[in-house]
Amino acid sequence: MTVARPWRLGLRALALGYLGALLLVPVGLVFYRTFEGGLGEVWASVTTPAAVSAFWLTVTVAAIAVPLNTVLGVVCALALVRGRSRGRALLDLVIDLPFAVSPIVIGLSLILVFGAGGWIELPFQVIFSTPGIVLATTFVSLPFVVREVVPVLREVGEEQEQAAATLGASRWQAFWRITLPSIRFGIVYGTILSVARAIGEFGAVSVVSGRISGETETLTLLVEKRFNNFDLAGAYAASTVLALIAVATLLALTLVKPRQETSS
Amino acid sequence: MITAHAVGKRFGDFVALHDVDLEVPDGSLTALLGPSGSGKSTLLRVIAGLETPDTGRVEIHGRDVTHVPPQRRGIGFVFQHYAAFKHMTVRENVAFGLRIRRRPRAETTARVDELLGIVGLSGYAARYPSQLSGGQRQRMALARALAVAPKVLLLDEPFGALDANVRAELREWLRRLHEQVDVTTVLVTHDQEEAMAIADRIVVVNDGRVEQVGSAREIYDRPANHFVMGFLGPVTRLGGSLVRPHDVAIAGGLNGSGNGDGRRATVLRVVHLGFEVRVELELDDGEQASVQLARGEADQLAVEVGDTVAVRATRAPALSA
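Residue numbers (the working numbering), protein chains in the order written: chain C, 806 to 1069; chain F, 10 to 330.
If a hint is listed, it holds; no wrong ones were tucked in.
Once the Cα atoms are required to be at most 20 Å apart in a straight line, the calculated DMTMM-like pairs of lysine to aspartate or glutamate come out as:
{"id": "1", "chain 1": "F", "residue 1": "K95", "chain 2": "C", "residue 2": "E964"}
{"id": "2", "chain 1": "F", "residue 1": "K95", "chain 2": "C", "residue 2": "E963"}
{"id": "3", "chain 1": "F", "residue 1": "K95", "chain 2": "C", "residue 2": "E966"}
Facing chain C, according to a computed beta carbon distance under 8 Å, are these residues of chain F, among others:
{"id": "4", "residue": "P78"}
{"id": "5", "residue": "P79"}
{"id": "6", "residue": "Q80"}
{"id": "7", "residue": "I84"}
{"id": "8", "residue": "F86"}
{"id": "9", "residue": "F88"}
{"id": "10", "residue": "H90"}
{"id": "11", "residue": "K95"}
{"id": "12", "residue": "F105"}
{"id": "13", "residue": "G106"}
{"id": "14", "residue": "I109"}
{"id": "15", "residue": "R110"}
{"id": "16", "residue": "R153"}
{"id": "17", "residue": "V157"}
Hints listed in this document are in silico derivations from the structure and should not be mistaken for laboratory results. Positions of the beta carbon are idealized from the N, C-alpha and C atoms, including for glycine.
Next comes chain C alone, as it looks inside the complex:
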């Protein structure tokens, strides 16, 4: 389709303006406000015991939830695309639940299941403790890897795996040597989205965590608490830490560079 030049420029300006107004300006302002009072103040604000604890809790939760969802996500994607069982349609539906249901509802349902007097009693505390936060985060970030890997698996097709089988590879060998390398960019992209969601989750975590400062308070909860306590500078500083974690993940994963075969 060819579009006249003024239209093209207009569309481009619209797209960039939209992106700028919604994303770049607010995030830029957060950075600006953070460093307005000088670096020393920022450093003091992000190294309080509560902030350090929140940082490590957020990182720990993401470090458990994301790998879990990556492995399960690949398994689910394989079941959806390569599987022959009748349960596939149901699985397809269930995977999207975290997208469809509000995180607050997810949090409340976890309390019903794992809370005091809930359906499931575990020997350790789940609700108002780290396991509950991990559970909630895992649940809300579940669909990303699946949804990124499924189309890639479809696109790649089954022939390379079959060729590997005729060459003597077991299913496991075919998976490691053929399937996994062919879908790795889907996995990487899904993981980036999962990390972003995991560190940014607020609703479900806010319900199940109990918000005990220095114990079950994640960075997002800390931001909200500081904001409510009129500690704006502190809220901005904690937000910046969140943004930096996201940027670091993005950088780390883009190091998995596309190789030759995708260049042409």
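Starting from the known structure of chain C, fit chain F onto it as the hints suggest.
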């Protein structure tokens, strides 16, 4: 010897194979020939173990392999669309089977070099499949399949995605390769010319059944039924029998009273196709027939539209209509 005993396969309501029996002698180059949807590819995939038959048995060299997975059947398989491992170089592709078998590194390198030489890709070892032409990718796929020295080589429309000239070249090349390597080859194709050019045995498959088995000559000259006759080449009807258009002779100069043998016919059309000339006729009973003449022959006869000629079959008809 590869044997299929009463192999049946369904996909939902569609019956791909109706209790097919097949024997492929050791060392032969056998073509499974049929139109698309005839079941020929399914039969090949059943032999490879890529499909499990619903009924029947498959044996390779006397061993029942019906429920043996493809990786333990000792076969090589070549796909129509190459199935190249895109994230591996040509060398890694060809070495794949040997590395799975944990052969010593030096042996693998030597074997891969030898095969790349055979398929004419020696200078391409470090390239990725996306940097090769279709013909080169298919040669790489052949080298990959042959690297582990399979006793059986199965090819599913291997030249189907290639240009006509590359196809003809690779066909000749495969024939020579088959003679050099000690392997039983089964090739699936829908191109009767390809089957006749390359195979020493042709199995004609249609509608999930084997219609006829024989050499190219046998099935061309003595087709078992109308389908085989029609699938292998042009057919024309002449006085209640089916004959090949090149097995009909024309005698001219009958514009006066009819003499000589044969049936009278009127020339409707003369089509010059370079080395051959096709003459469309209307027989005295109103039926239409088509005759194929060599150019020299046609020039000598000098038939023109509207001429009355005599036609007769020069070979005993293969089948009655």
